[in-house]
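Number of protein chains: 2
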Amino acid sequence: MLSRRLFSTSRRTLGGFEPSLTSQSYPEIKRNPNFALITGQDVSHFGTILSRNSIIDGISPENNASEEDLAPFNVDWMNKYRGQSQLVLKPKSTSEISKILSYCNFRKLAVVPQGGNTGLVGGSVPVFDEIILNLSSMNSIRSFDPVSGTLVCDAGCILEVVDNYLAERGHIFPLDLGAKGSCHIGGNVATNAGGLRLLRYGSLHGTILGLEAVLADGTIMDALSILRKDNTGLDLKQLLIGSEGTIGVITAVSILCPRKPKATNVAFFGLPSYSHVRKAFISAKEHLSEILSAFEFMDSAAQKLSCHHSGTRQVLEQDHPFYVLIETQGSNETHDSEKLEAFLENVMSLQIVSDGVLAQDESQLKSLWKLREFIPEACSKSGGVYKYDVSLPLDCLYDLVTELKNRLVDAGVVGENKTVVDVMGYGHIGDGNLHINIPVRHYSKEVASLLEPWIFEWIGLHNGSISAEHEHDQANEGHKGSLRPQWNFESV
Amino acid sequence: MLSRRLFSTSRRTLGGFEPSLTSQSYPEIKRNPNFALITGQDVSHFGTILSRNSIIDGISPENNASEEDLAPFNVDWMNKYRGQSQLVLKPKSTSEISKILSYCNFRKLAVVPQGGNTGLVGGSVPVFDEIILNLSSMNSIRSFDPVSGTLVCDAGCILEVVDNYLAERGHIFPLDLGAKGSCHIGGNVATNAGGLRLLRYGSLHGTILGLEAVLADGTIMDALSILRKDNTGLDLKQLLIGSEGTIGVITAVSILCPRKPKATNVAFFGLPSYSHVRKAFISAKEHLSEILSAFEFMDSAAQKLSCHHSGTRQVLEQDHPFYVLIETQGSNETHDSEKLEAFLENVMSLQIVSDGVLAQDESQLKSLWKLREFIPEACSKSGGVYKYDVSLPLDCLYDLVTELKNRLVDAGVVGENKTVVDVMGYGHIGDGNLHINIPVRHYSKEVASLLEPWIFEWIGLHNGSISAEHEHDQANEGHKGSLRPQWNFESV
Numbered sequence: 001m002l003s004r005r006l007f008s009t010s011r012r013t014l015g016g017f018e019p020s021l022t023s024q025s026y027p028e029i030k031r032n033p034n035f036a037l038i039t040g041q042d043v044s045h046f047g048t049i050l051s052r053n054s055i056i057d058g059i060s061p062e063n064n065a066s067e068e069d070l071a072p073f074n075v076d077w078m079n080k081y082r083g084q085s086q087l088v089l090k091p092k093s094t095s096e097i098s099k100i101l102s103y104c105n106f107r108k109l110a111v112v113p114q115g116g117n118t119g120l121v122g123g124s125v126p127v128f129d130e131i132i133l134n135l136s137s138m139n140s141i142r143s144f145d146p147v148s149g150t151l152v153c154d155a156g157c158i159l160e161v162v163d164n165y166l167a168e169r170g171h172i173f174p175l176d177l178g179a180k181g182s183c184h185i186g187g188n189v190a191t192n193a194g195g196l197r198l199l200r201y202g203s204l205h206g207t208i209l210g211l212e213a214v215l216a217d218g219t220i221m222d223a224l225s226i227l228r229k230d231n232t233g234l235d236l237k238q239l240l241i242g243s244e245g246t247i248g249v250i251t252a253v254s255i256l257c258p259r260k261p262k263a264t265n266v267a268f269f270g271l272p273s274y275s276h277v278r279k280a281f282i283s284a285k286e287h288l289s290e291i292l293s294a295f296e297f298m299d300s301a302a303q304k305l306s307c308h309h310s311g312t313r314q315v316l317e318q319d320h321p322f323y324v325l326i327e328t329q330g331s332n333e334t335h336d337s338e339k340l341e342a343f344l345e346n347v348m349s350l351q352i353v354s355d356g357v358l359a360q361d362e363s364q365l366k367s368l369w370k371l372r373e374f375i376p377e378a379c380s381k382s383g384g385v386y387k388y389d390v391s392l393p394l395d396c397l398y399d400l401v402t403e404l405k406n407r408l409v410d411a412g413v414v415g416e417n418k419t420v421v422d423v424m425g426y427g428h429i430g431d432g433n434l435h436i437n438i439p440v441r442h443y444s445k446e447v448a449s450l451l452e453p454w455i456f457e458w459i460g461l462h463n464g465s466i467s468a469e470h471e472h473d474q475a476n477e478g479h480k481g482s483l484r485p486q487w488n489f490e491s492v
Numbered sequence: 001m002l003s004r005r006l007f008s009t010s011r012r013t014l015g016g017f018e019p020s021l022t023s024q025s026y027p028e029i030k031r032n033p034n035f036a037l038i039t040g041q042d043v044s045h046f047g048t049i050l051s052r053n054s055i056i057d058g059i060s061p062e063n064n065a066s067e068e069d070l071a072p073f074n075v076d077w078m079n080k081y082r083g084q085s086q087l088v089l090k091p092k093s094t095s096e097i098s099k100i101l102s103y104c105n106f107r108k109l110a111v112v113p114q115g116g117n118t119g120l121v122g123g124s125v126p127v128f129d130e131i132i133l134n135l136s137s138m139n140s141i142r143s144f145d146p147v148s149g150t151l152v153c154d155a156g157c158i159l160e161v162v163d164n165y166l167a168e169r170g171h172i173f174p175l176d177l178g179a180k181g182s183c184h185i186g187g188n189v190a191t192n193a194g195g196l197r198l199l200r201y202g203s204l205h206g207t208i209l210g211l212e213a214v215l216a217d218g219t220i221m222d223a224l225s226i227l228r229k230d231n232t233g234l235d236l237k238q239l240l241i242g243s244e245g246t247i248g249v250i251t252a253v254s255i256l257c258p259r260k261p262k263a264t265n266v267a268f269f270g271l272p273s274y275s276h277v278r279k280a281f282i283s284a285k286e287h288l289s290e291i292l293s294a295f296e297f298m299d300s301a302a303q304k305l306s307c308h309h310s311g312t313r314q315v316l317e318q319d320h321p322f323y324v325l326i327e328t329q330g331s332n333e334t335h336d337s338e339k340l341e342a343f344l345e346n347v348m349s350l351q352i353v354s355d356g357v358l359a360q361d362e363s364q365l366k367s368l369w370k371l372r373e374f375i376p377e378a379c380s381k382s383g384g385v386y387k388y389d390v391s392l393p394l395d396c397l398y399d400l401v402t403e404l405k406n407r408l409v410d411a412g413v414v415g416e417n418k419t420v421v422d423v424m425g426y427g428h429i430g431d432g433n434l435h436i437n438i439p440v441r442h443y444s445k446e447v448a449s450l451l452e453p454w455i456f457e458w459i460g461l462h463n464g465s466i467s468a469e470h471e472h473d474q475a476n477e478g479h480k481g482s483l484r485p486q487w488n489f490e491s492v
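Here the protein sequences line up with chains A and B, keeping their order. For the first sequence, the UniProt record's numbering gives the first residue as 1, with consecutive numbering after it. For the second sequence, the UniProt record's numbering gives the first residue as 1, with consecutive numbering after it.
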């Protein structure tokens, strides 16, 4: 339902803004000299595995691909990281990937697995001259059983394509996120993406029934079970979920898909405080129960910025310190509306919410979601943005935003003509997942040192996690170990 | 709701029927001589870790526990396996378990972790003289957050106790099974129990948020996150779910608990064929959707045997080749009833079901469930029973029962005065999980050789799994490796 193509290919070509080389931005990261340099002979060998049009070759004089040909694969979609790979391989089968990795392992050639390249942490692009193993040509749906709802598909399938395929068959993919128009299923699984409706459809650890993957030495791990229960031996496939390519390259996925809901409702509220947000969540769990599919919140700063940059006008007449978006998905429109009415009566009579609107049609529903979904993009419009994607117990979740803002204000770095535009919080209350964004006019060492390690220590003290969601791509240096730390940037 | 205490302690004492020693039943299994023999000095050392009443000691002359004291821990609840341990330790804390395992590792003393001892595969009792590490004294609920629904409890908590605690707070444990009156949460997790409502509340891989465990050398693994999203590093706790004690002893669990449903409905149907069972399942998914919490089936033979041995009269007037039990759990009684009516109209008008009843009150609801839940016990009343708990794709699930029965009939072993009473199938259609039971008048090598390996090969050929569910206990020889193969017997 919520589809948006995050970027056009041209955005990553060198015609536009060209980001610095990652190796220059992070000079402390050195190329591991144990990795071999790619030669023309290596490229010739890959030519015996793959068809000619599956190789983008900037190495051999006769096939010389230009920097522009390679740029869409070397640069991430945020235009923040830029690698220097001269070779992109686009295998069409698990067997081809196995042969490639087996050879790379033997030759000690570094590899970056790459899916839809929609990740925000630079994990899907090379740093140095790693071979890019791009999975976009592995995009077949292998099977679907409408009785059990079990789908088996290649890792390179685009989430939206799969979701459309399922919709025609009365089902949905159990994961949804803003990048669905570009991100790959394999990347979703490799990063254990949570997305917008984890609250309703659960974690991939519960819905993934089987995986096929290729390990570093080319070994194919076939655990592509389509069974809902399978307890033979240790459940090794679980380790690949969220492993970011550090264990192997995921090549296919078997997953349990729920039936397509017949009714979807979206409501949007203004609330006087964070404690009211918590109360509204308790009431939503009480009254909406099995049909509650999303409970998102944003603070006033996030909502204003989103409206401003998306050109959307404010939905509610007055300003409120907090906003909440609630979605229901159910199988009976009348029943769902009645449940929603009972919820509305509860939160209004108890003055848990100050004001609210209910989407009357699909277009209003999309507009309300846009307010929430546009925040990440809005945050980056002022120049730069520091982003954290963290988990915290609900009772102290928003305290982090308040305390961080106080800290930055006290340090005198927030305001007009100052480095920091504002500090804003939003995210998935239903999952205890806070996105904290600090839009800045320019990146500054002073601000960075005010943020870290303070923010990580605060989260540690409050039993939170500094990495709630991974990013949507099979991460860098999959079978060679990561060259650099992963950042904890937000996703949806 | 469905509580039943599976056994009384006396059933396992030597006053009643005494099973053969496992080491005699399986003479091919030899005690590993690398394990040390327990001495009085070892017992003295455990006395410095544990209080006196936490040790049942059949070794030291001054504390000599009798065979009868030790029997409840040496014998499994099916009265099928009997070990020869002379020492039971009942630690009260994770730290005590850590000290015990650290010492046992140093001294090379074999250990069996033991939970509620409700498992059916003999995994929770020793074979030889292993020390029994019984977790029943670790039974505190550590915390519960009613807003997020996150519960943290010790591994030795009894499922029903936890469920009652949650019910008082408007929630339920996301797992339910017949043995709930005795089984431990730690054993449920160590065996990845599926239970009766996996269909609705999902797998433990999705609902477990965190685990605490003690590894073989005494190392405490603290991954007791209470966060719904936590993606820092590999998700190692996933490996412990279903590991049956081979990786470590689970000491505490953090789990996401759903809200308690406000309405529960149960219906029971007779159907003319297995293909009608499948059609009824499709209709249930269509009409009951988010409130469908169980879809169980049994064949005529299983239903008759269950009625016969439980003293329940048949629910439907006529015999039917197949029966289905459907349960809904939702937050609105009126809505649930309306959905159920729409489902009934569909399956009756299309003649998918031949007859049916709807429970009118709690007592009828329990009677209908009893018909289904009593089958395992009924199957064992004739003398012995061969049991398999397997997963199969739905389209061929029942073919296994038909083909196996033909095979045994052709071999002339089925019928009155023959070894095999009958072949029967039942289980969780919603999970693709078939229980196939072969009640026999006595165990026979001829019948065993007709069953295996044929049954495993058939399942392999049809892309099934020979182990759909593990059993409800932290399995044998946890930190020393398993001494014998695990059988695939059924659980609920």
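Everything labelled a hint here was simulated from the structure, so no lab data went into it. Honestly, I wouldn't trust all of these hints.
What the hints assert, rightly or not - Some chain B residues well away from chain A (every beta-carbon gap over 12 angstroms; in silico):
hint	residue
1	S60
2	S66
3	N164
4	S273
Claimed, not checked - In silico BS3-like cross-links for lysine-lysine, where the CA-CA straight-line distance does not exceed 25 angstroms:
hint	chain 1	residue 1	chain 2	residue 2
5	B	K80	A	K262
6	A	K279	B	K30
7	A	K260	B	K279
8	A	K262	A	K418
9	B	K381	B	K262
10	B	K279	B	K80
11	A	K418	A	K279
12	B	K262	A	K262
13	A	K279	B	K418
14	B	K418	B	K304
Nothing here was measured: the structure is a model prediction, and the numbers come from that model. Built from N, CA and C at the ideal position, the CB exists for glycine as well.
Structure-based check of all given hints:
The claim that S60 of chain B is not at the interface with chain A holds, since no C-beta of that chain comes within 12 angstroms of its own (minimum 38 angstroms). Listed as outside the interface, S66 of chain B is consistent with that label: its C-beta sits roughly 37 angstroms from the nearest C-beta of chain A, beyond the 12 angstroms cut-off. In this structure N164 of chain B is separated from chain A by more than 12 angstroms, as the shortest Cβ-Cβ distance comes to about 21 angstroms. With a cut of 12 angstroms on Cβ distances, S273 of chain B stays outside the contact zone with chain A, its closest approach being about 15 angstroms.
Between K80 of chain B and K262 of chain A the CA atoms are separated by roughly 51 angstroms; this puts the pair beyond 25 angstroms, and the hint is violated. Only pairs whose Cα atoms come within 25 angstroms are accepted, and K279 of chain A paired with K30 of chain B is rejected, the gap being roughly 61 angstroms. Pair hint K260 of chain A plus K279 of chain B holds up; C-alpha atoms about 18 angstroms apart against a cutoff of 25 angstroms. In summary, the hint linking K262 of chain A to K418 of chain A is not supported, as the alpha carbons are separated by about 49 angstroms, beyond the 25 angstroms threshold.
For the given pair, K381 of chain B sits about 37 angstroms from K262 of chain B by alpha-carbon distance, which is inconsistent with the 25 angstroms threshold. A distance of roughly 39 angstroms separates the Cα atoms of K279 of chain B and K80 of chain B; the hinted pair therefore is violated under the 25 angstroms criterion. Distance hint between K418 of chain A and K279 of chain A is unfulfilled; the C-alpha atoms sit about 36 angstroms from each other, more than 25 angstroms. Note on K262 of chain B and K262 of chain A: the hinted pairing holds, with a Cα-Cα distance of about 23 angstroms set against a maximum of 25 angstroms.
Straight-line distance between C-alpha atoms of K279 of chain A and K418 of chain B comes to about 66 angstroms, which puts the hinted pair past the 25 angstroms bound. Distance hint between K418 of chain B and K304 of chain B is fulfilled; the C-alpha atoms sit about 19 angstroms from each other, no more than 25 angstroms.
Hint compliance for this structure: hints 5, 6, 8, 9, 10, 11, 13 are not met, and every other hint is.
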